[in-house]
Amino acid sequence: MIFTLIKIELFKTFAKWRTYIGFIAIGVLFPVIMYFLKTEGGGIVDSSMRSIKNEFLISGNLFNAWVVTEFIMNSLWIHVPFLIVLVAGDMLSGEATAGTFRFSLIRPITRTEFLISKFIVNLFYASSLLIFMWALCVGLGLYLFGSGDLVSLADGMITIIPESEAAMRIALAFGLAIISMWVVASLAFLFSSFIENAIGPIIGTMAIMVFSLIISNLPVDAVEPYKPYLFTTYQSVWLEAFKYEIDWVKISDSIIALGINIFAFFLISYFIFIRKDIRS
Amino acid sequence: MPEIILRTENLGKQFRSRWATQNINLEVHRGDVFGFLGPNGAGKSTTIRMIYSLIRPSTGFVEIFGYRVDKQRKLALQKVAGIVERPDFYLYLSAYRNMQIAGSLTLGKSPEKKKILETLEIVGLQSRADDKVKTFSHGMKQRLGIAQALLCDPELIVLDEPTNGLDPQGMKDVRELIKKLAREKKMTIFLSSHILSEVEQVATRMAIINNGSIISQGKVSDLLGFKNLKIEIEATPIQKVKSILKKNKNVKDIEIVKNKIHAKTANSEIPKLTEELIKNKCKIFSISKNNSLEEYFLSITQK
Chain X
8 MIFTLIKIEL FKTFAKWRTY IGFIAIGVLF PVIMYFLKTE GGGIVDSSMR
58 SIKNEFLISG NLFNAWVVTE FIMNSLWIHV PFLIVLVAGD MLSGEATAGT
108 FRFSLIRPIT RTEFLISKFI VNLFYASSLL IFMWALCVGL GLYLFGSGDL
158 VSLADGMITI IPESEAAMRI ALAFGLAIIS MWVVASLAFL FSSFIENAIG
208 PIIGTMAIMV FSLIISNLPV DAVEPYKPYL FTTYQSVWLE AFKYEIDWVK
258 ISDSIIALGI NIFAFFLISY FIFIRKDIRS
Chain Z
3 MPEIILRTEN LGKQFRSRWA TQNINLEVHR GDVFGFLGPN GAGKSTTIRM
53 IYSLIRPSTG FVEIFGYRVD KQRKLALQKV AGIVERPDFY LYLSAYRNMQ
103 IAGSLTLGKS PEKKKILETL EIVGLQSRAD DKVKTFSHGM KQRLGIAQAL
153 LCDPELIVLD EPTNGLDPQG MKDVRELIKK LAREKKMTIF LSSHILSEVE
203 QVATRMAIIN NGSIISQGKV SDLLGFKNLK IEIEATPIQK VKSILKKNKN
253 VKDIEIVKNK IHAKTANSEI PKLTEELIKN KCKIFSISKN NSLEEYFLSI
303 TQK
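Sequence order for the protein chains is X and Z. With the first letter of the first sequence counted as 1, position 142 gets the number 149 in my numbering; the numbers rise by one all the way through. With the first letter of the second sequence counted as 1, position 216 gets the number 218 in my numbering; the numbers rise by one all the way through.
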């Protein structure tokens, strides 16, 4: 039954106009950014990095698809989460608003199955958006800028990743970013389980995201003890892919921490939803 | 002893300090068209929501086909379908897709296209199968609600105010359909309504709920037949009619109001009265039962 429910949820989700806002936003805005980077950005970056070019032997273009993709990945802090929350926040609350819980939950299915299927589709949507972003950035980036070494400024250091490794590093970064975005999707899903309109989960999730992000990056001793408990502390895990030596221990620790957050958000959603009186 | 298909025991729901329903004990037998009657806000929809476990009861339980809904939900709801309050659908999907989803949720796989279209035809929506539900009127949504309930050939259909928002012809069609389903397909129907005449026309058994409690339950003929109904007779000559009625011991409280006779009698007396008036060459223009739910409640509470 769970596969049937997932199929139904996928169909319902991708039949909604709202689902495509994220794809349209990425599909329109990122090429525009790339176009401006192509026409104006290259010169600026080239001149500012001329010293690097003089000191190091860089193969290919300095301003290439991989560098542009890494630059665009900075939208993962706020912009992409917002696009994910638009759909994730509507997953359960949208059904409550439309009164369609009464359509689905009067059938011989359990609430657990219903919730799991929705949660899986929620994660699938976040993943698909990131995969689309990856394909667009890399594809269009290679077309417009060509290939070359990946010069990264992640972690405040200049790291030059050879061209032969760049594609793999970008893929790894997107893979980690997907897990990072699952936390956002799960948090929005949690809000969606007890708020009966889509606006509440969107505002709630973004507020927590921004607040936690600020705390996670605040160089103040007073907040240091709290940082390990904030999911935003681990969300930057995708930056690890751009370091010269990949710290797999740190990556696995972050994945575990993010996984715990995802599971905890789901579990809370589950206990809320399972006990919820459907009155809409 | 008829098979009990749906049974509730001491079903109650408390919202904060207010009890929406209390001690609801219902028994629906196989083959019944069970009328669940009550005014707006009496607790009908809360009870139906508890039957489907959309709302968790504060007390008691619901048993369908012998399975507890709170413990064996899938088995209990396998052969049940219906509408809870207004029929809501995925408005951005077509009627066909909504039917497909409804069927898949019940059967675990998509129903056959032919079956979906046949069911839509029953409610006159086959030509609109591919239209998005957001373009449908309330009446059309109501009919689609009935169609999705019929799709998987359930044995029990729970309909919550199914004629709400329908035009007179639509209301008549739905009532005819309910009768037909019970008669030809041997379906058991649980029909919630606040319209007494509706229940009177289609139900075989009924329960009346008021202020969250069941105040009466039994066969419709038993409940309606032995009560003092208020009747209004428009006939001439009015004084002659009055004197004929006065001679009948089963007619009480006879009075003339605006050239019409108001009286109280049993439902079963009405044909006899009509016959007597005709025999005495009175001209009858109308005999109507003042059978509003409120009036009926009064007759029950004054018992």
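Rather than coming from a laboratory, the hints here were simulated on the basis of the structure. Where hints are given, some of them may not hold.
What the hints assert, rightly or not - The calculated SDA-like cross-link candidates involving lysine to any residue, where the alpha carbons are at most 20 Å apart (straight line), are:
id, chain 1, residue 1, chain 2, residue 2
1, Z, K111, X, R25
2, X, K14, Z, P113
3, Z, K134, X, E203
4, X, K23, Z, D133
5, X, K23, Z, L93
Here is what the structure says about each hint:
With a C-alpha separation of about 27 Å, the suggested pair K111 (chain Z) and R25 (chain X) falls outside the 20 Å cut-off, and the hint is violated. With a C-alpha separation of about 14 Å, the suggested pair K14 (chain X) and P113 (chain Z) falls inside the 20 Å cut-off, and the hint holds. At roughly 24 Å between alpha-carbon atoms, K134 (chain Z) and E203 (chain X) are farther apart than 20 Å, so this suggested pair is violated. Between the alpha carbons of K23 (chain X) and D133 (chain Z) the distance comes to roughly 15 Å, so the proposed pair stays at or under 20 Å and holds.
Pair hint K23 (chain X) plus L93 (chain Z) holds up; C-alpha atoms about 10 Å apart against a cutoff of 20 Å.
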